[in-house]
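Make the full structure from the sequences, and use the hints.
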Amino acid sequence: MSVSSRLRLFRPILAGANLRDRMLACAGALVGIALTGLICAYAAADSQQLLWLVPPMGASAVLLFAVPASPMAQPWPAIGGNALSALVGVIVAHYLPLSPLSAGIAVGGAIALMSLLRCLHPPGGAAALVGLFAGASSSYTFALLPVGANAAVLVASAWVYHRFSGHTYPHVAKPAAKPAKELPWTFRSSDLAAALERTGETFDIDVNDLERLLREIEQATVARSYRDLTCAEIMHEGVIAARHSMSVDEVRALFVQHDVRRLPVLNAEGAIIGALGLRELAAPSPALAQAMVPASTASPDTPAIALLDRFAKGRVHAVFIVDADGRPLGVVTEADWLAVLTRGLG
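Following this note's numbering, the numbering of the sequence shown begins with 3 at its first residue and continues without gaps.
A few of these clues could be false.
Pair by pair, the computed Cβ-Cβ distance ranges are [said to hold, decoys possible]:
hint, residue 1, residue 2, range
1, 97, 147, 17 to 27 Å
2, 325, 296, 10 to 20 Å
3, 117, 196, 14 to 24 Å
4, 246, 216, 47 to 57 Å
5, 220, 291, 47 to 57 Å
6, 103, 176, 40 to 50 Å
Honestly, the hints are just simulated from the structure, not real lab data.
Cβ atoms here follow ideal geometry from the backbone N, Cα and C, with glycine treated the same way.
Now the structure itself:
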């Protein structure tokens, strides 16, 4: 395994994470836990309790400082999830002896209560066990002091810390900007909801954050697809052309026979020297040279999106794709661009 491959093993597993944020999260957790223990120590009735800090706060610190946008890291889940779960543990301890079964009941009950009260917080499972191990000798106030107090101080520390970290906390998901016009490839909020329901999985991201992220990806993908699309990819071959030696009546016959709006005019070498449309042929003209106008041309590798201004502002109906010698290879019409815009329907 190469050195670069080994280093990739240590990349953050969270989407959007980077080394700077992780190092800042370490510093924030250090200060937050130390501050929580220091402040709560003053409320300790027994000085032998040292920092008076419960273990679940370590897991809460990971969420609050490293993943502040997570729905499970917000103030209500962090405080309510820990305190309520500890309360469940204490209640179980008052009615059941300490055993593997009572431990399962405490954790399962904590998950149920947190889910019902919309404060699901993973460290709450540990808080339930702490409350259970505190035993029946503990007061029900154990859920508030020290667990609730620990969580409240830690959340306050995270709030102050994230004023300087570059992240918002509490995180408020911004609604995704709706597209001005719904195009064939544009997804709807209902499509997102249906997709989440079909997966049957729970993801640690706010639905509004997820939709906003997908909208940005959608816009970037569309822009890139048009930017990378070349004229060679959307042109159609078999260009109907007029020769400069033809008469005006012969050219009119070509328009009628092939039902086209614009024809290139070729010289003896087959290179485009001009173009004709029905407007140019409407007025009597002695020869094609006097009737034709400059042709709109482009090379095969020209980005197709570069033609939009010609269609929209230049009132061009067809752009002829030519080789290095000016000979026609194909043509891109307004209809071809409409086909590109509607290809998402397939």
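Hints, verified against the model:
1. A beta carbon spacing of about 22 Å between residue 97 and residue 147 agrees with the range 17 to 27 Å that was offered as a hint.
2. At roughly 18 Å, the beta carbons of residue 325 and residue 296 sit within the given window of 10 to 20 Å.
3. Checked against the given bound of 14 to 24 Å, the beta carbons of residue 117 and residue 196, roughly 23 Å apart, stay inside it.
4. For the pair residue 246 and residue 216, the beta carbons lie near 54 Å from each other, so the given range of 47 to 57 Å is met.
5. Separated by about 50 Å at the C-beta atoms, residue 220 and residue 291 satisfy the suggested range of 47 to 57 Å.
6. Separated by about 45 Å at the C-beta atoms, residue 103 and residue 176 satisfy the suggested range of 40 to 50 Å.
Comparing the model with each numbered hint stated earlier shows that all of them hold.
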